[in-house]
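Novice: Top to bottom, those sequences are chains A and B.
Residue numbers for the first sequence follow the numbering used here, so the first one is 17 and each next one is one higher.
Residue numbers for the second sequence follow the numbering used here, so the first one is 5 and each next one is one higher.
Just to be clear, a hint being listed does not mean it is correct.
Residues of chain B placed beyond 12 angstroms of chain A at every Cβ, according to the derived structure [stated by the list, open to error]:
1. His125
2. Asp175
3. His181
4. Asp209
5. Val210
6. Thr215
7. Glu245
8. Ile246
9. Glu270
10. Gly277
11. Tyr285
12. Asp288
13. Lys368
14. Val369
15. Gly393
In silico SDA-like pairs for lysine to any residue, Cα to Cα no more than 20 angstroms straight-line [unchecked claim]:
16. Lys178(A) <-> Lys343(B)
17. Lys373(B) <-> Tyr347(B)
18. Lys182(A) <-> Lys368(B)
19. Lys178(A) <-> Val349(B)
20. Lys263(B) <-> Lys343(B)
21. Lys263(B) <-> Gly319(B)
22. Lys174(A) <-> Asn10(B)
23. Lys237(B) <-> Arg352(B)
24. Lys368(B) <-> Lys183(A)
25. Lys183(A) <-> Tyr50(B)
26. Lys183(A) <-> Glu76(A)
These aren't lab readings, by the way, just hints derived from the structure by calculation.
The beta carbon of each residue, even a glycine, is placed where N, CA and C say it ideally should be.
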Amino acid sequence: MPAKYFEIRWHARAGQGAKSASQMLAEAALEMGKYVQSFPEYGAERTGAPMKAFNRIAEEPILVHSSVETPDVVVIIDDTMLGNPDLVAGVKEDTIFIVNTTRDIDYVREKLGVKGKVCIIPATDIALEEIKRGIPNTVMLGSIAKVTGVITLESAEKRIRKTFEKKFSEEVVEANVRALRRGFEEVKCNG
Amino acid sequence: MPEVKNRQAVTGAQAIANAMRQINPDVVAAYPITPQTPVVEYFAQYVADGAVDTEMIPVESEHSAMSAVVGAAAAGARAMTATAANGLALMHEIVYIAASSRLPIVMPVANRALSGPINIHCDHSDAMAERDSGWIQLWAENAQEAYDLTLIAVRLGEHEDVRLPVMVNFDGFIISHGVEVVDFLDDEVVKKFVGEPKVKYPLLDVNNPVTYGPLDLYDYYFEHKRQQIEAMKHVKRVFKEIAEEFEKISGRKYDILDKYKVDDAEYIMIALGSTAGTVKYTVDLLREQGHKVGLVKPWIFRPFPKKELQELLNGRKAVIVLDRSASFGAEAPVYEAVKSALYEVSDRPKLGSYVYGLGGRDIKVDHIKQAFEEAFSGNINTDEERYLGLRE
Numbered sequence: 017m018p019a020k021y022f023e024i025r026w027h028a029r030a031g032q033g034a035k036s037a038s039q040m041l042a043e044a045a046l047e048m049g050k051y052v053q054s055f056p057e058y059g060a061e062r063t064g065a066p067m068k069a070f071n072r073i074a075e076e077p078i079l080v081h082s083s084v085e086t087p088d089v090v091v092i093i094d095d096t097m098l099g100n101p102d103l104v105a106g107v108k109e110d111t112i113f114i115v116n117t118t119r120d121i122d123y124v125r126e127k128l129g130v131k132g133k134v135c136i137i138p139a140t141d142i143a144l145e146e147i148k149r150g151i152p153n154t155v156m157l158g159s160i161a162k163v164t165g166v167i168t169l170e171s172a173e174k175r176i177r178k179t180f181e182k183k184f185s186e187e188v189v190e191a192n193v194r195a196l197r198r199g200f201e202e203v204k205c206n207g
Numbered sequence: 005m006p007e008v009k010n011r012q013a014v015t016g017a018q019a020i021a022n023a024m025r026q027i028n029p030d031v032v033a034a035y036p037i038t039p040q041t042p043v044v045e046y047f048a049q050y051v052a053d054g055a056v057d058t059e060m061i062p063v064e065s066e067h068s069a070m071s072a073v074v075g076a077a078a079a080g081a082r083a084m085t086a087t088a089a090n091g092l093a094l095m096h097e098i099v100y101i102a103a104s105s106r107l108p109i110v111m112p113v114a115n116r117a118l119s120g121p122i123n124i125h126c127d128h129s130d131a132m133a134e135r136d137s138g139w140i141q142l143w144a145e146n147a148q149e150a151y152d153l154t155l156i157a158v159r160l161g162e163h164e165d166v167r168l169p170v171m172v173n174f175d176g177f178i179i180s181h182g183v184e185v186v187d188f189l190d191d192e193v194v195k196k197f198v199g200e201p202k203v204k205y206p207l208l209d210v211n212n213p214v215t216y217g218p219l220d221l222y223d224y225y226f227e228h229k230r231q232q233i234e235a236m237k238h239v240k241r242v243f244k245e246i247a248e249e250f251e252k253i254s255g256r257k258y259d260i261l262d263k264y265k266v267d268d269a270e271y272i273m274i275a276l277g278s279t280a281g282t283v284k285y286t287v288d289l290l291r292e293q294g295h296k297v298g299l300v301k302p303w304i305f306r307p308f309p310k311k312e313l314q315e316l317l318n319g320r321k322a323v324i325v326l327d328r329s330a331s332f333g334a335e336a337p338v339y340e341a342v343k344s345a346l347y348e349v350s351d352r353p354k355l356g357s358y359v360y361g362l363g364g365r366d367i368k369v370d371h372i373k374q375a376f377e378e379a380f381s382g383n384i385n386t387d388e389e390r391y392l393g394l395r396e
């Protein structure tokens with residue numbers, strides 16, 4: 017039996033931290049004893065250019081090394097990219113979209129042109145309120161934990177503490193943990 | 005099975021840099037700008053933090069990096085460097101000299117395209133251009149293997165019966181920059197495994213003076229080349245011995261060939277590097293549909309595992325060889341070697357050659373399935389090179 021992989025595709029603009037977020041997601045899943053992959057698609061490096069990052073998460077070692085084509089989840093960090101056909105490439109009927117936006121679900125669904133599950137979270141606003149910087153990563157991790165269960169809030173918090181405690185003050189660490197929790201609590205989905 | 009104490013999600017480059025930290029080489033020389041790998045960037049941090057005793061030499065080019073480690077190794081140091089793509093190409097001249105001087109240098113190479121037009125992504129042209137240089141070539145499928153093979157490489161190159169430099173190949177970006185799960189060994193376990201450097205004829209032993217790299221014309225050059233040829237013959241035996249020892253400390257098994265579901269396989273695919281993993285997954289898919297398929301991944305490409313492949317492939321229905329580099333005007337390097345090895349076997353399989361993934365072009369499960377399915381239907385031609393994932 018071929019292994020089952022849970023696959024995530026991230027869409028963002030270069031410089032928005034999607035690569036780091038995808039890596040933190042991998043580390044949080046590793047905390048839960050899972051096998052993980054996290055890798056970006058490298059193009060010409062220009063801040064602001066559309067970029068993709070990928071995750072595979074599984075209960076057993078991951079063999080495949082190609083890019084993710086039929087994602088279970090699509091995470092969109094920048095809603096100005098809505099309408100870009102790359103966002104819906106290879107998606108299945110049950111692919112879930114998690115979008116950082118202040119718009120409503122109907123707007124996002126219409127822009128994406130999909131009928132399936134769409135979740136929204138104003139992650140940049142929450143990050144500005146909690147961390148005082150518009151870096152939506154930790155908020156998005158909270159939302160992913162809530163919507164997919166592929167990571168838990170606890171594993172993500174543990175990982176954030178481990179990663180950030182080395183570099184930042186306790187204040188910054190706590191702000192990120194609050195941002196994570198709000199991502200978990202405030203994400204809204206249709207259906 | 006030894007207990008896993010230190011499991012981390014890291015890039016292949018981080019995994020190798022950590023292996024280098026644990027090896028604690030005497031000298032690392034590197035050219036610190038592109039096309040370099042993050043391996044030396046992480047390693048330079050270890051040097052700056054005082055985590056290693058290594059003398060780090062930032063040089064002005066890759067040619068100088070290889071020259072510096074040749075000098076260091078000749079002096080008696082355990083010396084390493086790392087490179088990729090055009091960096092390796094610029095080293096080319098000294099790559100041969102390292103092997104000819106029988107210096108057990110270890111060099112991880114993040115395999116990337118040789119440009120024209122400019123491309124920095126994964127393919128195997130860089131290493132294949134060095135396949136006749138006299139270096140041992142090990143090939144890793146993932147970050148774990150890149151870490152493990154770097155440790156094994158140190159022992160292999162320094163072995164009394166070998167004394168040759170070792171290239172540890174791992175796919176550029178896919179492995180070098182991709183994050184995967186790696187189980188690290190304890191520092192003390194690695195220290196014991198690699199041991200003290202096995203130094204032979206060091207320049208710094210002034211009581212026993214020796215010469216490296218003198219003029220060696222038609223009087224003795226040929227005999228020295230013959231010695232290099234002979235040294236390569238010991239590599240497989242020594243690798244197996246070291247791999248057995250490594251299995252005891254890690255629980256991870258290495259051999260000349262990684263054989264995946266080959267026992268009853270009628271159709272066998274051969275691939276190097278990270279694609280071998282994608283093939284394994286495809287083998288599982290096709291087996292579910294009742295196809296008897298398998299994969300062989302050479303962990304060692306130089307010396308070429310001719311005898312092992314002859315034994316394994318004799319009598320199979322078909323063998324499909326994937327190459328991530330082309331040889332313009334000739335057959336692709338892995339295919340050519342496999343085909344040549346099978347010339348004398350009693351029951352030759354049908355053979356198919358597929359070039360894929362040049363310049364980082366993605367290789368998907370569907371591509372691999374396509375190659376297998378062509379073989380199932382008898383659409384396989386020994387003298388035809390085909391391409392996977394190419395627009396034509």
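Novice: Give a verdict on every hint.
Specialist: Going down the list of hints, with the structure as the test:
1. His125: violated, 7 angstroms
2. Asp175: Given that some Cβ of chain A is not farther than 12 angstroms from that of Asp175(B), nearest at about 7 angstroms, it is violated.
3. His181: violated, 7 angstroms
4. Asp209: Holds, since 44 angstroms exceeds 12 angstroms.
5. Val210: Check passes; 47 angstroms lies beyond 12 angstroms.
6. Thr215: holds, 46 angstroms
7. Glu245: holds, 26 angstroms
8. Ile246: holds, 23 angstroms
9. Glu270: At roughly 19 angstroms from the nearest Cβ of chain A, Glu270(B) sits farther out than 12 angstroms, so the non-interface label holds.
10. Gly277: Since the minimum Cβ distance to chain A is about 9 angstroms, Gly277(B) lies within 12 angstroms and the statement is violated.
11. Tyr285: violated, 4 angstroms
12. Asp288: About 4 angstroms separates Asp288(B) from the closest Cβ of chain A, which leaves it inside 12 angstroms; violated.
13. Lys368: About 5 angstroms separates Lys368(B) from the closest Cβ of chain A, which leaves it inside 12 angstroms; violated.
14. Val369: violated, 7 angstroms
15. Gly393: violated, 10 angstroms
16. Lys178(A) <-> Lys343(B): Violated, at about 52 angstroms.
17. Lys373(B) <-> Tyr347(B): violated, 27 angstroms
18. Lys182(A) <-> Lys368(B): The hint is violated at about 38 angstroms.
19. Lys178(A) <-> Val349(B): violated, 57 angstroms
20. Lys263(B) <-> Lys343(B): Holds, because 18 angstroms separates the two Cα atoms, which is no more than 20 angstroms.
21. Lys263(B) <-> Gly319(B): holds, 16 angstroms
22. Lys174(A) <-> Asn10(B): holds, 17 angstroms
23. Lys237(B) <-> Arg352(B): Given pair Lys237(B), Arg352(B) is violated - Cα atoms ~25 angstroms apart, limit 20 angstroms.
24. Lys368(B) <-> Lys183(A): violated, 39 angstroms
25. Lys183(A) <-> Tyr50(B): Status holds; Cα separation ~17 angstroms.
26. Lys183(A) <-> Glu76(A): violated, 32 angstroms
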